[in-house]
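Got chain A sorted already, so can you dock chain B onto it with the hints?
Those sequence lines, one after another, are chains A and B.
In terms of the working numbering, the first sequence has 4 at position 4, counting the first letter as 1, and numbering is strictly consecutive.
In terms of the working numbering, the second sequence has 378 at position 207, counting the first letter as 1, and numbering is strictly consecutive.
Treat the hints with care, since some could be wrong.
[What the hints assert, rightly or not] Straight-line C-alpha distance at most 25 Å; calculated SDA-like pairs for lysine to any residue:
#: 1; chain 1: B; residue 1: K173; chain 2: B; residue 2: R187
#: 2; chain 1: B; residue 1: K173; chain 2: A; residue 2: V57
#: 3; chain 1: B; residue 1: K173; chain 2: A; residue 2: R120
#: 4; chain 1: B; residue 1: K173; chain 2: A; residue 2: R158
#: 5; chain 1: B; residue 1: K173; chain 2: A; residue 2: Q14
#: 6; chain 1: B; residue 1: K173; chain 2: A; residue 2: E131
#: 7; chain 1: B; residue 1: K173; chain 2: A; residue 2: A161
#: 8; chain 1: B; residue 1: K173; chain 2: A; residue 2: P61
#: 9; chain 1: B; residue 1: K173; chain 2: A; residue 2: R79
#: 10; chain 1: B; residue 1: K173; chain 2: B; residue 2: A186
#: 11; chain 1: B; residue 1: K173; chain 2: A; residue 2: D90
#: 12; chain 1: B; residue 1: K173; chain 2: A; residue 2: T58
#: 13; chain 1: B; residue 1: K173; chain 2: A; residue 2: N25
#: 14; chain 1: B; residue 1: K173; chain 2: A; residue 2: N118
#: 15; chain 1: B; residue 1: K173; chain 2: A; residue 2: A31
#: 16; chain 1: B; residue 1: K173; chain 2: A; residue 2: G59
#: 17; chain 1: B; residue 1: K173; chain 2: A; residue 2: L130
[Unchecked claim] Computed footprint of chain B on chain A; a stretch qualifies when at least three of its residues, placed anywhere within it, have a C-beta under 8 Å from a C-beta of chain B:
#: 18; stretch: 33-43
#: 19; stretch: 68-74
#: 20; stretch: 120-130
#: 21; stretch: 153-163
Simulated from the structure, these hints should not be mistaken for lab results.
Note that the structure is a prediction, hence the values are computed from the model and not measured.
Glycine included, every Cβ here is placed at the ideal spot set by N, Cα and C.
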Amino acid sequence: MEQSLQGDFCAYEQLLVLLTVAVRNVVRGRARAAGLDPEDVVQEVLLALHLKRNTWVTGTPVAPWVAAIARNKIVDSLRRRGTRIEVPLDDVIETLWIDEAESEGQAHDLERALGRLNERQRDVVRAVSLEGRTAQEVATRLQMTEGAVRVTLHRSLRALAAAFRAVPNED
Amino acid sequence: MKTEELIRVLAADGARPVIPIGHTLSRALMLGAVLSTALFFLILHPRADIGAAVQTLRFDFKLVVVGCVAAGAALFVAYAALPAPTGRRQRLLWLGPLLLAVGVILELATAPVSSWFPRWLGHNATHCLSLIPLLSLPALGCLLFALRRAAPVRPAVAGAAAGLLSGGIGAILYALSCPDDSPLFVATWYSLAIGAVTAIAAFVGSRWLRW
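Only chain A is shown next, with the shape it has when bound in the complex:
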């Protein structure tokens, strides 16, 4: 975690993969019970973990921090669908590190949220997500500076998180 926060790209990607497994375990049962696609909630939690990684205090245990953010987002997303549910923090911590098989991980809410970005932001996000390009490569292809790509990418992610919050998902 510490390496990731210092900007270690590889450490961060590994960490995210680990966290995804943990978050899926927490989300799966609850989301199904509420009739939601668990992967939508997983992606929303991941986005929140990413944007709020500055609130992890160096040297403190990671699990309670992850659990707290996951709980907040799970409750949020259930509330948006009009379901009221109590999620005790201890439950979240308990299920955090259970190992379970991966699901294929396709979700729809994020796709909808992407639709609310402007064209440039969408281009940058797509180039990174689908083609796995680095900021430098994206910059050359879209004729932007590397700094501008980074700024656009970061703004896009904040906009995506806001779109998740704003849209009541009518399925």
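For chain B alone, coordinates are given in the frame of chain A:
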């Protein structure tokens, strides 16, 4: 979008060092305090007899009380900003009010009954009620902006903490120019003014600090 694709995007955005929320908040506090102080010197000035006033018990006590309120609130802001806060930093919030209560009791015990009312009313209670919130605004703005980067469990509480802290800063500044030093005055009008800032900030927080 697949989750693996999202992870790729997040990792690409994560390729730079993160500023811990504690740093963000302490920088915002410093900037806010400087701006509020600048506003103080722009529209007010320390009272003319400040040299003599610092040698009186009541004036110093007033500063200590509002200082304790601000210090307790500062610790509480750092606590309320986290998604999984640890420790019991709320306790220090009681220090300022507790001191003030002791001051009020001592004042009531020592001052003649006939002086209670003028001491309580003071010279300019309306100044106190309007200037403390005004002086606190720059600090409040900076703190709320910084808290947008935080992940508070309860956004309204985080907002209230920021309001209490900036109200405390406003009160420290105003206390330097305010001619009323009686604990009776402070307990009523300062509390009302700081309370108003806290309430407004709690409301703003509940809307604006959600994440």
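These are the hints, each one checked on the structure:
1. For the hint pairing K173/B with R187/B, the CA-to-CA distance comes to about 24 Å; that is within 25 Å, so the pair holds.
2. This hinted pair does not check out: K173/B and V57/A have alpha carbons roughly 30 Å apart, beyond 25 Å.
3. Between K173/B and R120/A the alpha-carbon distance is near 20 Å, which keeps this suggested pair within the 25 Å criterion.
4. At roughly 18 Å between alpha-carbon atoms, K173/B and R158/A fall within 25 Å of each other, so this suggested pair holds.
5. Distance check on the hinted pair: K173/B and Q14/A sit about 17 Å apart at the alpha-carbon level, within 25 Å; holds.
6. Simply put, K173/B and E131/A have alpha-carbon atoms about 13 Å apart, close enough for the 25 Å limit, and the pair holds.
7. Between K173/B and A161/A, the direct Cα distance comes to roughly 16 Å. Compliance with the 25 Å bound is thereby established for this hinted pair.
8. Of the supplied pair hints, the one linking K173/B and P61/A is violated, its CA atoms being roughly 29 Å apart against a limit of 25 Å.
9. Distance check on the hinted pair: K173/B and R79/A sit about 24 Å apart at the alpha-carbon level, within 25 Å; holds.
10. Among the hinted pairs, K173/B with A186/B is consistent with the structure: their alpha-carbon atoms are about 21 Å apart, no more than 25 Å.
11. Taking the CA atoms of K173/B and D90/A, the gap is about 29 Å. The hint is violated against a cut of 25 Å.
12. For the hint linking K173/B to T58/A, the alpha-carbon distance of about 30 Å lies beyond 25 Å, and the restraint is violated.
13. A C-alpha spacing of about 17 Å is found between K173/B and N25/A, which places the hinted pair at or below 25 Å, so the restraint holds.
14. Distance hint between K173/B and N118/A is fulfilled; the C-alpha atoms sit about 20 Å from each other, no more than 25 Å.
15. A distance of roughly 18 Å separates the Cα atoms of K173/B and A31/A; the hinted pair therefore holds under the 25 Å criterion.
16. Restraint check for K173/B and G59/A: the C-alpha separation of about 32 Å exceeds 25 Å, so the hint is violated.
17. Distance hint between K173/B and L130/A is fulfilled; the C-alpha atoms sit about 9 Å from each other, no more than 25 Å.
18. Interface restraint, the stretch 33-43 of chain A with chain B: holds (3 residues with C-beta to C-beta distance below 8 Å; minimum three).
19. Given a C-beta distance limit of less than 8 Å, the hint that chain B covers the stretch 68-74 of chain A holds, as 3 residues qualify and 3 suffice.
20. Look at the stretch 120-130 of chain A against chain B: 4 of its residues bring a Cβ nearer than 8 Å to a Cβ of that chain, three or more, so the hint holds.
21. Coverage of a stretch by a chain is defined here by at least three residues with a beta carbon nearer than 8 Å to that chain's beta carbons; for the stretch 153-163 of chain A and chain B the count is 4, and the condition holds.
In summary, the numbered hints that this structure violates are 2, 8, 11, 12 and 16.
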